[in-house]
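Let the hints inform the model, and build the full structure from the sequences given.
Protein sequences appear in the order of chains A and B.
The first sequence stops at residue 254 when you use numbering that gives the first Met the number 0, and every number in between is there.
The second sequence stops at residue 254 when you use numbering that gives the first Met the number 0, and every number in between is there.
No lab work stands behind these hints: they were computed from the structure.
Heads up, a few of these hints could be off.
Stated by the list, open to error - Just the calculated beta-carbon pair ranges, DEER-fashion:
1) B:P13 to A:S201: 24 to 32 Å
2) B:R189 to A:R200: 37 to 45 Å
3) A:E72 to B:G56: 49 to 57 Å
4) B:N250 to A:E14: 29 to 37 Å
5) A:E249 to B:P37: 47 to 55 Å
6) B:T191 to A:A23: 30 to 38 Å
7) B:D187 to A:N250: 32 to 40 Å
8) A:S201 to B:G56: 20 to 28 Å
9) A:F77 to B:D136: 33 to 41 Å
Stated by the list, open to error - A short, non-exhaustive set of chain A residues, derived as facing chain B with CB atoms under 10 Å:
10) E3
11) E98
12) A113
13) W168
14) L185
15) R197
16) A205
17) V206
18) D208
19) L210
20) G219
21) V245
22) D251
23) L252
Claimed, not checked - One side of the interface only, derived from the structure: several residues of chain A facing chain B at Cβ under 10 Å:
24) I7
25) R169
26) T202
27) A207
28) L218
29) K220
30) T221
We put the CB at the ideal spot given by N, CA and C, even for glycine.
Now for the letters of each chain:
There are 2 protein chains.
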Amino acid sequence: MPAELRVIGLEGVPEVRVGDNLGALLADALDRTPGALPLQTDDVLVVTQKVVSKAEGAAVDLSTIEPRPDAVEFARQFDRDARQVEVVLREAVRVVRMERGVLITETRHGFVCANGGVDASNVGQESGAVVTLLPEDPDASAARIRDILRERFANDVPVIVSDSFGRPWRVGIVDVAIGVSGMRPLDDLRGTPDHDGRVMRSTVRAVADELASAAELALGKTAGRPAALVRGAIFTRGEGSIREIVMPSENDLFR
Amino acid sequence: MPAELRVIGLEGVPEVRVGDNLGALLADALDRTPGALPLQTDDVLVVTQKVVSKAEGAAVDLSTIEPRPDAVEFARQFDRDARQVEVVLREAVRVVRMERGVLITETRHGFVCANGGVDASNVGQESGAVVTLLPEDPDASAARIRDILRERFANDVPVIVSDSFGRPWRVGIVDVAIGVSGMRPLDDLRGTPDHDGRVMRSTVRAVADELASAAELALGKTAGRPAALVRGAIFTRGEGSIREIVMPSENDLFR
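This is the structure:
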């Protein structure tokens, strides 16, 4: 069997606004994207966090925010917006690092990331002082989109909500999964033989994260395309939750 | 312009042995893979570390290794091979964490990863007690493959050497780049406008890592396919080094 993966950027997703039925907008876009339909059993739809948050109204108008003194001081020192720093702190269950202008927090979902996923870019011209937050429950966001697509196309396509995260020790950001529905985010190969017949001791593929990264390669950051269909990846369908990919704190060596 | 990415797994790469001309083997495989040729200007060839290390003889026969007492004790406590632990320590310039059965080191290349990239799986049936090391200079490994492909096809295709790394805070491994030639591993969008016209302050895409992950999705871990061509990604050609993606220690908040 030839190993071939395709990532198809969805065409013509309009600017998303609060209250929009994002699943329906994505279904329309699938209809309009050459080669996307019919959906295949190895398809996964990757949707970027920004449009999910916009549709769900997971956003804050910074003009309503009164920053705490710590936020003001940190922002002054490192040329940042104190109100955004305040929002990040409000969204955090734990501050992991707050130094040298970098603010890394743990969100209530368990994600450890810069600025707790609070993001000012790509939120729409009209909203000068608005930041988006991570969706309240990104697995549920993915499930809602999946349900709408299933109604529309009579095919069940797994859905990933993605966001761009930095990493310790490596420069730059990569897209990772922050919500999943209809697939196992991890592909656990422990105990199975590799190509040479050797039993793998520690191989757990984070396929949901790799799918998010593959989608980003086709979408980029500037073209206004918020979703892509990935066809042909090696992964397992089934019910799954992004919680599986969050490292339990007892295994976290980098608190 | 439609956004479409393809990842084409190379067909029929034979078992690689020390001294093999890996570039020539990959060129033969490109010849034999439907749809791979002619090479396109937005192609990148991703080659997994294991075959690069095998071809270069970057491997150690564990029967020749005398582990130090620390390695023996750590191995005993966590049911590991003391000789492999010893090799990891020899390859390290710094031990980042050595606890709870996890050994994370910094390699001479600057990579921080579990077991310093020393790997026992997929190294060939005949080599029961052999582990592979990371290539001595993975940028140079990528450049050698690129040179051979350029001679063969009169097209210049960027090459990435990839390996599977774990990440703090997230379960599972993803493939990342450990060597590049012919492309910029980072796509620095700082100062450019996003889709909404807002200037991006901190967006540096780690495209080489995302390309490695996209390739892994098509190759998997068990099918014996060590290389894939990625076609249609958004990235920048040019000279680049994996050193650009290694976080300078002064910016490392997770020593």
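Verification of the supplied hints:
1. B:P13 to A:S201: 24 to 32 Å: Holds, at about 27 Å.
2. B:R189 to A:R200: 37 to 45 Å: 41 Å, holds
3. A:E72 to B:G56: 49 to 57 Å: 55 Å, holds
4. B:N250 to A:E14: 29 to 37 Å: Holds, since N250 (chain B) and E14 (chain A) (Cβ atoms, about 36 Å apart) stay within the stated range.
5. A:E249 to B:P37: 47 to 55 Å: 53 Å, holds
6. B:T191 to A:A23: 30 to 38 Å: 32 Å, holds
7. B:D187 to A:N250: 32 to 40 Å: 33 Å, holds
8. A:S201 to B:G56: 20 to 28 Å: 25 Å, holds
9. A:F77 to B:D136: 33 to 41 Å: Distance hint for F77 (chain A), D136 (chain B) holds at roughly 36 Å.
10. E3: 5 Å, holds
11. E98: 7 Å, holds
12. A113: With a minimum Cβ separation of about 8 Å from chain B (threshold 10 Å), the hint on A113 (chain A) holds.
13. W168: 4 Å, holds
14. L185: 5 Å, holds
15. R197: Hint on R197 (chain A): holds, closest Cβ of chain B at ~5 Å, below 10 Å.
16. A205: Status holds, d = 3 Å.
17. V206: 7 Å, holds
18. D208: Holds, because the Cβ-Cβ distance from D208 (chain A) to chain B comes to roughly 5 Å (cut-off 10 Å).
19. L210: 7 Å, holds
20. G219: 4 Å, holds
21. V245: Hint on V245 (chain A): holds, closest Cβ of chain B at ~7 Å, below 10 Å.
22. D251: OK, holds: D251 (chain A) within 10 Å of chain B, min 6 Å.
23. L252: 5 Å, holds
24. I7: 5 Å, holds
25. R169: 6 Å, holds
26. T202: 6 Å, holds
27. A207: A207 (chain A) check passes; min Cβ-Cβ to chain B is 9 Å, inside 10 Å.
28. L218: OK, holds: L218 (chain A) within 10 Å of chain B, min 6 Å.
29. K220: Holds. Min distance 6 Å.
30. T221: 6 Å, holds
Of the numbered hints given earlier, the model fails none.
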